[in-house]
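Sequences listed follow chains G and F, in order.
No gaps in the numbering here: position 91 of the first sequence is 91 in our numbering, and each next residue is one more.
No gaps in the numbering here: position 119 of the second sequence is 119 in our numbering, and each next residue is one more.
Please keep in mind that the hints were generated in silico from the structure rather than gathered at the bench.
In this text the structure is predicted, and so the values were computed from the model without any measurement.
Be aware that one or more of the hints could be misleading.
As the list makes no split between identical chains, a pair holds if one copy fits it or if it spans any two.
[As the list claims (entries may be wrong)] As a list, the in silico SDA-like pairs of lysine to any residue whose alpha-carbon atoms are at most 20 Å apart:
no.: 1; residue 1: Lys282; residue 2: Phe312
no.: 2; residue 1: Lys6; residue 2: Pro72
no.: 3; residue 1: Lys109; residue 2: Ser97
no.: 4; residue 1: Lys6; residue 2: Leu355
no.: 5; residue 1: Lys46; residue 2: Arg108
no.: 6; residue 1: Lys12; residue 2: Asp309
2 protein chains.
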Amino acid sequence: MTELEKQGLLAKEAARALSIATTDVKNRALLSIADALEENMGEWLKANQQDIEEAKRAGMKESLLDRLALTPGRVKGVADGVRQAAALPDPVGETISENVRPNGLVIRKKRVPLGVIGIIYEARPNVTVDAAALCLKSGNACILRGGKEAIRSNLAAEKIMRGALQKAGLPADCIQLVKDTSRESAQELMRLNAYVDVLIPRGGAGLIRAVTSQSSVPVIRTGEGVCHVYVDENADLDMAASILFNAKCSRPSVCNAAECVLVHENIAPEFWKKALPLLDQKNVVLRADEKAKALLGSRAESACEEDWDTEFGDYTLAVKTVKGLDEALDFIARHGTQHSECIVTKDAARAERFLNEVDAAAVYWNASTRFTDGGEFGLGAEIGISTQKLHARGPMGLEEMTSWKYVISGTGQVR
Amino acid sequence: MTELEKQGLLAKEAARALSIATTDVKNRALLSIADALEENMGEWLKANQQDIEEAKRAGMKESLLDRLALTPGRVKGVADGVRQAAALPDPVGETISENVRPNGLVIRKKRVPLGVIGIIYEARPNVTVDAAALCLKSGNACILRGGKEAIRSNLAAEKIMRGALQKAGLPADCIQLVKDTSRESAQELMRLNAYVDVLIPRGGAGLIRAVTSQSSVPVIRTGEGVCHVYVDENADLDMAASILFNAKCSRPSVCNAAECVLVHENIAPEFWKKALPLLDQKNVVLRADEKAKALLGSRAESACEEDWDTEFGDYTLAVKTVKGLDEALDFIARHGTQHSECIVTKDAARAERFLNEVDAAAVYWNASTRFTDGGEFGLGAEIGISTQKLHARGPMGLEEMTSWKYVISGTGQVR
Chain G
1 MTELEKQGLL AKEAARALSI ATTDVKNRAL LSIADALEEN MGEWLKANQQ DIEEAKRAGM
61 KESLLDRLAL TPGRVKGVAD GVRQAAALPD PVGETISENV RPNGLVIRKK RVPLGVIGII
121 YEARPNVTVD AAALCLKSGN ACILRGGKEA IRSNLAAEKI MRGALQKAGL PADCIQLVKD
181 TSRESAQELM RLNAYVDVLI PRGGAGLIRA VTSQSSVPVI RTGEGVCHVY VDENADLDMA
241 ASILFNAKCS RPSVCNAAEC VLVHENIAPE FWKKALPLLD QKNVVLRADE KAKALLGSRA
301 ESACEEDWDT EFGDYTLAVK TVKGLDEALD FIARHGTQHS ECIVTKDAAR AERFLNEVDA
361 AAVYWNASTR FTDGGEFGLG AEIGISTQKL HARGPMGLEE MTSWKYVISG TGQVR
Chain F
1 MTELEKQGLL AKEAARALSI ATTDVKNRAL LSIADALEEN MGEWLKANQQ DIEEAKRAGM
61 KESLLDRLAL TPGRVKGVAD GVRQAAALPD PVGETISENV RPNGLVIRKK RVPLGVIGII
121 YEARPNVTVD AAALCLKSGN ACILRGGKEA IRSNLAAEKI MRGALQKAGL PADCIQLVKD
181 TSRESAQELM RLNAYVDVLI PRGGAGLIRA VTSQSSVPVI RTGEGVCHVY VDENADLDMA
241 ASILFNAKCS RPSVCNAAEC VLVHENIAPE FWKKALPLLD QKNVVLRADE KAKALLGSRA
301 ESACEEDWDT EFGDYTLAVK TVKGLDEALD FIARHGTQHS ECIVTKDAAR AERFLNEVDA
361 AAVYWNASTR FTDGGEFGLG AEIGISTQKL HARGPMGLEE MTSWKYVISG TGQVR
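With the rest of the complex left out, here is chain G (with noise of 0.2 Å):
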């Protein structure tokens, strides 16, 4: 047996035990979770600037040392949203339905945990306590296997979070973190079938493009998103303006904000009249189509075919003129990521066929793409984005990591 396989029978063993523990027991333990980070933070502070300091010597990039820092501040906050995981409701033990069948068995589905959650994701710290949290707090053991510039500041996480878990009388196994950080661990987790039951890779494009073609695990996929703002013919051209330089501005970074506008080509020049000040404001590279180029000139690039298909993740925007509804529907099928697409419009009809008709996690009419996230949809939490169909789509909160069982009682009924 290969370390990880031992890894995953013990957390199939704590997830037997910890999917019929009650909810004081987990919340007691989250709890208990929270105050050992802050008690032991000089701990984790220590372990975080060894990494900070190998990374630098390795020559890691500013935003990405950024990502990888913690400060007392931060395990303040990741603490506190060990409290807020707490203070959610349970989603485990819930009645979906029940129903009594003709012949009397009486058949109930009811929550239950998935099981065992395998959690690949790169050099964030916190990562690795948001994620345990949530876990925790919807019955599964978790196998996290972060990334290696972040090894000693996870190895100090977890014996933290093991320990509280042992003092609220839950097996440590619940929560477990691959030492190995090569890629060879992370490809052995994608096919660890007999002990993980969902993969749920968080980071880059590339990382969760990997997982996603290599794993033999159930797979949720999250995060990619290129968002499409179409600004109709009857569109309110201040709002318009206003959503597109939030859903492309407020965090050019993250997967909800916007990598192009489909704009239509009988208000195009109204438009850009007051989208520009406003994204100026932020320098926005603008890569737009020929019609575009014709009425933004220097202050555009040409696009090329790739801008289409590309999450810039940062001030850049592709710029597209359409000439109505149906060629942005066509265009968004082609190219949207099923992440989150925004129509703005006074027209209550055509904002009816958008809504229907683009597939994607989350359609908005009259409000920016920014507010796809658990929080902002009131789940309260959430583990990740998923732009599959499959399981989850779009936040995935606790109600999202769990499943159900059919508990059917008879009394001696044979088929």
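With chain G fixed as given, assemble chain F onto it according to the hints.
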């Protein structure tokens, strides 16, 4: 572009049209398919006859020939199944939840089709129509990849169904058969992420394992069932014998049949007095552990380790003696396939523990495992029985063949 990629693209386009088709249009198409199958029965039977002859030449076993064969009665049954699908409620369009956020955004969670469903199955021509009908009713386009032994039957069924679709005003490409029945075509379908949203393998354990391990398209794992009946110390032994006999013998080839009985050591002699006469009616082969062998003598063979993990699929039953509930729970955790598990007992507290702690799609108290079935559960119809925890667990009805989208209406909200 390969032939299959072309089919994928056409299926994706057809799925867009089908996703917004009304219930009436879909039902009209289903009734038109049912009528066309009966009207063109001669054509379908003739093609099937050619498959049968070819299979006989190739030396196919009698039992497999029977699964491959169509008769006028079977065609009528298939057509009636399609009419039943038309009569079921349409899951698509349902508002699952609605939520007005403090910022005024109205967020509706709406049920939508999955999109394009791929189905890989073996040589049963009725599956071609059954699966296509359920996909159509749930608004999904389908790509069907059946076994090579049934290719002529499947081509004939595809032709009849596509004609009926067009007559009803839906794109023929909602239903497509993969013409190439080589292993390579199945493997290509498993990697067709760009066009296929879900893959459902229907067939033996070998097929299902191959698809699970090779597919990058999300898979619903169906079917494998090593199901147990645990006869507790406090069981009504007549009931236990009757349930075991039914679970093992009413249809041993199916996945919800029992493969192993766990007998509490305190009542084992009494139990076998009741159970043996029933099992003898079908000459059930017993593979027993040492303790049971001591009781059963020459009536039983000695079990080997492999027997505990085998889906016999025939009149063979593994027999294990246990000291009590805990040992039974551990044994099922180790050897079960998370399909259907049963306890027979008069003790409600023990039943409660069993129902809570056993991790399976369906857990039974005093009823046969054979009830795990979409029809028996009141789901109307099923595309398969899922033994995974992601997306769907247990019988998959029309609702389990859908996803959802979030539909958000605003008045210019930005974040």
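Checklist entry - Which earlier hints turn out false for this structure, listed by number in ascending order? => result Per hint list: 2, 4 and 5 violated.
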